[in-house]
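K.L.:
Sequence:
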Amino acid sequence: MIKKIQQSIYVKHTALLLVVCIFCMSFRMRGTGEIMLNAGTNIPLETVSTIQSDLVSVGQTIDFRVRYDVKVDGKVVIAAGSTAKGQVLRAQKAKGLGKEGFVEIQIKSVTAADGQEVFLTGGNVYQEGDDKQTLSIVLGVLVCILFLTMKGKNAQVPAGFQVTPSVATNMSIKV
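All residue numbers for the sequence shown refer to numbering that gives the first Met the number 0, where the first residue is 0 and numbers rise by one.
One or more hints might be untrue.
As a list, the in silico DSSO-like pairs of lysine-lysine whose alpha-carbon atoms are at most 30 Å apart [unchecked claim]:
| hint | residue 1 | residue 2 |
| --- | --- | --- |
| 1 | LYS107 | LYS84 |
| 2 | LYS74 | LYS92 |
| 3 | LYS173 | LYS98 |
| 4 | LYS70 | LYS107 |
| 5 | LYS92 | LYS152 |
| 6 | LYS74 | LYS107 |
| 7 | LYS107 | LYS173 |
| 8 | LYS173 | LYS74 |
| 9 | LYS74 | LYS84 |
| 10 | LYS11 | LYS84 |
| 11 | LYS107 | LYS152 |
| 12 | LYS173 | LYS70 |
| 13 | LYS152 | LYS84 |
| 14 | LYS70 | LYS84 |
Hints listed in this document are in silico derivations from the structure and should not be mistaken for laboratory results.
Generate coordinates for the entire structure from the input sequences, incorporating the hints supplied.
P.N.:
Set out below in structure tokens:
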């Protein structure tokens with residue numbers, strides 16, 4: 000009798016169904032409220048205000064704003080208007096002898112929709128002012144030595160200047 004039950008077609012189908020169920024349950028499903036933001040995803044940013052090389056200092060934090068929503072699978076992971084942070088790496092105001100000023104800013108991070116800090120890479124901003132060194136030297140030699148004190152122009156990054164850094168590492172964002 001037991002041999003008949005073991006050889007029954009119903010037992011084989013039931014055993015197969017159980018094996019399939021166990022196999023399916025062994026894989027963990029991703030939470031429904033989390034989305035993976037992949038490294039390399041571009042984040043469109045713009046400067047909030049005008050940045051001038053004579054008014055900033057090395058290490059100073061500069062604010063940027065996200066231009067439009069960043070979506071993954073149709074869900075917003077970084078909202079338009081979110082604040083991104085950058086840091087001044089190098090800054091020099093214009094100097095005598097016509098030397099121009101310059102400023103370099105590295106974009107560090109942006110705030111995701113769930114409040115996490117998303118680290119960014121590849122979004123440095125570099126601007127130089129006008130170089131008046133040749134003019135200063137020529138006028139200083141030919142006209143008056145006081146022209147050697149002429150300064151170049153300071154660097155200026157206008158408000159609304161666009162830069163597109165990318166996400167540095169894969170991150171799980173709750174939406």
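K.L.:
Broken hints, numbered, in rising order?
P.N.:
2, 3, 10
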